[in-house]
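Since the structure of chain A is already known, use the hints to place chain B on it.
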Amino acid sequence: MNNPSNKKYILLGIFFFCSVMALAQGRSITISGHVRDAKSGEPMTQAIIYTEDKKTGVAADVNGFYSLSIPAGKQKIYCAYFGYKTEEAKVEDVSGSLILDFLLQPDPDMLEAATIFSHPNREEIKLPQMGLQRVDASLVRQLPAMMGEADIIRIIQMMPGVQSPSEGSTGFSVRGGGLDQNLILLDGAPIYNCGHFLGFLSMFNGDVIRGADLYKGDFPASYGGRLSSVLDISTKDGNNQKFGGNASIGLISSKLFLEGPIVPGKLSFMLAGRRTYLELFLPLAKGSIPEGTNLYFYDLNGKISWKASEKDHIFLSAFSGQDLLALKIEEFGLGLSTFVFANHTQSLRWNHIYSPKLTSDIIVYNTLYRNNMSFDLESAEFDFYQAIRETGFRAGWTWYPDKNNTMKAGIQTAWFNIEPGVSVPSKETSYIHEVHIPEYRAILPALYIQNEQKLGPLSLRYGLRFAWFTRLGPTEQRYYDPETHELIIARNMGRGYIIKRYGGLEPRFSASLSITDDLSAKVSYNRSYQYLQQARVSITGSPIDAWFAASPNLKPQRTDMFSLGLDALVAKQAVRLSLEGFYKYNKNTMDFIDNPGLVIDDVNAEGLLRTGTSRAYGVEAMIKYDFSRWNGWLSYTWSNCMYHIPEINDGVPYQSPLNHEHAVNFVLTYDFSKQLSASTEWVFYSGAPTTYPIGRYQFMDRWVRIYSTRNTDRMPDYHRLDLSLTWRTKRRVADKPWSAEWNLSIYNAYARHNAWSIGFHYDALTQRAQAEKTYLFTILPSISCNIKF
Amino acid sequence: MCRPHILLLALLILVLPSACSEEIIISSDSDYEDYLAVEALLTDRPDYPQRILLSKTIPYFEDMDRPMVKGASVMVDDVVFTEKEDGVYVAPTGFCCHTDHVYHLKIRLPDGREFTSENSMPEPGFELKDIDYAYLGGQEMDMDSTWTIGLWGTDRDFYSNYLVNYSVNGNLLPLFLSYVTIDHYFSGSVIKGFPFMFMMQSAINRQKFGDCFKFLETGDVITLNIYTIDDTFYRYLIALTMDALYIPLLSPQPANPLCNIEGDHVVGYFAICAHVDASVVVEDPLRDYFKKSLPFF
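Protein chains in written order, with our numbering: chain A, 254 to 1042; chain B, 624 to 920.
Hints in this document: simulated from the structure, not taken from any laboratory.
Misleading hints may appear alongside valid ones.
Unchecked claim - Listed below are the simulated BS3-like cross-link pairs for lysine-lysine, each with C-alpha atoms no more than 25 Å apart in a straight line:
#1 914(B) / 752(B)
#2 581(A) / 815(B)
#3 815(B) / 680(A)
#4 914(B) / 680(A)
#5 915(B) / 680(A)
#6 831(B) / 1026(A)
No experiment lies behind these values; they were computed from the predicted model shown.
If we strip away everything but chain A, and leave its shape as in the complex, we get:
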């Protein structure tokens, strides 16, 4: 029994026993189809399809597809979605299967301005899925925006268990995890750096987002490769009924969004672009910013959605975004030098319905993140380049054998090509030598199988995932002594040479017990591996932080997470209460040694990493309210995360720098009328762990700080209030309706000087040592105008 392989077989046995038991069911018919918005043709994720007696129901998936097995006989089927009229369909006495599509009309009785939160429903709380947070596109536009930029990542950061590493950052930490432990997918393509402006704004244009699902650790078996969360963002398909769009002008950027049918009902497109114009204001800052400075970003989203047949839907999606920073500092002999950070993704997705009981989802994707830096320093001109590229495909099948089971299985493969850094002289007269940190390749195939099963009041989801990672040549592989971490040898490996393999089973299990129709208790266990990880030198993270794949020197990280929770609906299902506790144990957690220096171009950076274990635990509580005029949520998180890396901090466990012990988020939106709505959000974090100096001494005429042990101190607490007011007008121009939406946002309304960082200085003139906090923003009002046509 102690043999690990025996345990795998036992797990597999239990899995298939449950699956086979699930198939022993009575005679039924299967109804399947899509739920779409009647006006735009957009799929309606999470629309509920249920029988008249409300005993049987399902939620539509991310493509708006559903499959519902019901007993044979005459039935009435309903389809409901908050903010839309409930549609009814009569099912005659058919046998076998039936295709039934729903087109939902917006409910004119609902306030047009109403924010469509993920409206709580009974089906959702009965799901075994834990730690899932859904964000709808309308919420992104409704909440206060920083610098006028509606940003889905800011909303994600307001969820319980999700924390921002620092003011203004678009990174996020989920349940104590690192910023690299979040798998961020844009239409299925992974994103390696989702920030613009050094991470102050996210790359996700609020106009194009249809919705997002955040899984905080209890992943379905189809997801893998990250330890802490999956953020699955889907963009709009484009209106397949009529042309339309938005144009918006903001404080720092303008956006244009167009959508419409190419072949009505069959083929549609979506195209969106955003460009900042901050460089126009830079001349105003003459004196404080060097002449020649330029700073802008742009991004483009495009999507084509083709309904090839009733059973086939094909989506082609692409994103391209780039940041450019240009500097010229003649006083330092620095000519025009540029920094470019760019993200490009493409994905091609094919949804196929084999039968009402069997569907498939196949996606091929490519993603590229790169940095280019070009330095024009006299006699030392050089270019620096870093890139990470992932190309992959995922094929998944969903089978609805009966009303109580939904089985999923799939195969996936990802190819990685990582270029840690190349430095080349850009002029013949440059004294800089070419430095090439060896690039390398890796492949990560995976298989998974999962079943969701209803057993009376018990809903189960159990699955297995198996991934095996292979690091491949050609590359120069460096080997470090595991004790001293000194370089032993650097070997040149040929193309296709297998340098190292890792793999492991990832069991996933969750269960939900419906105690009453409105109360469920949930439990889950999840194991995940992460083979590609980012080691951050700085606490806040920067666009040049390096990614490290598992190697002969670095084992992949592994997490085992247990969750326990309660989910309840009260106040006529308008309020959802949830309480979740979690415990995570991570192996091979890595961190840099003390004072690693700037590792960006260090060929031996891997030798500066040390590994150990980490534990995170906490409790998350959330009250989500959704009434006709006002809605929002209040959440509280208490959490702790400790690293234990024997070769760091003298082997004494220390706090994760990303863990805020207490976090409170409050969000409220209120619709005064169809024209006017307001929203507010308040955030509180207790200070993040940090290290303060306790003493000082002089060395080479300078005062050198003596620090306490790592992360024993805490930054000051953080809190902030944001406000937003949205006013809508409607007009008809040339017989065409258009509407304008004005949004006034105030970020940090009470102008609190929240510490972004704390630095320590010794003033030679006053001969005083002092602590100085840097804050990024005081009160930050912004206005934007969005014209919809």
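Okay, now just chain B, sitting in the frame of chain A:
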């Protein structure tokens, strides 16, 4: 200036104008304890006094001078360093270090505590032949004027680390404003007129740090000093530099630099550096090119 410094500078300039700073009162949850601070930097310069400084650490926010440690016994191998001032221990005249020898430092405090270390001098990595200056401009970014010092010489064909500073008329740039660099990008090259050091002369800096920051005038003598240092001392100094600069987007978690001195409650470093220097006399302070790069030189 090496590449990381450029990167640091660029990001610093971009990030900081949008941010504001203010003093904050903080206190650490950790208890402060006294440490012995050792500054033992020896060189191969026979004309230069070889000194070892012993002092005590102080609580971070205490306003006080560093307390020097008097009455200690300090030896390098069997050479006794004599206390010339409080806490300043000086080697006998003519003592200097050489390559291919391991030097042993031994410190004994009046309270009986002992501290030891050993180190050796790296091979000099740079053959410095000549330097020149060029005016780059000024009156911007709170600086009065900036000059660059160009370098002529040969970087030897092995990886080296350098500590670089300059003096004007013998007034040395404070050591903490020196910079450290690696030669991985120009190792083995013959260098002709490479702008290696920038002189950011300003009235404020002159007030704070002395005449090394004076506006250059005809007749001034600029001297460039290049010290070859070993890898561990390079990392020690980089740690100090990164900690002093503190750029949140780039700076690592604060930590104490590794000390190479054995003993209880001790900080500091015992380093031995190989030194080269070259000087140039200022003829036309506003000359904006390296005269020595001209064809007839």
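Each hint tested on the structure:
{"no.": "1", "hint": "914(B) / 752(B)", "verdict": "holds (15 Å)"}
{"no.": "2", "hint": "581(A) / 815(B)", "verdict": "holds (24 Å)"}
{"no.": "3", "hint": "815(B) / 680(A)", "verdict": "holds (15 Å)"}
{"no.": "4", "hint": "914(B) / 680(A)", "verdict": "holds (22 Å)"}
{"no.": "5", "hint": "915(B) / 680(A)", "verdict": "holds (21 Å)"}
{"no.": "6", "hint": "831(B) / 1026(A)", "verdict": "holds (23 Å)"}
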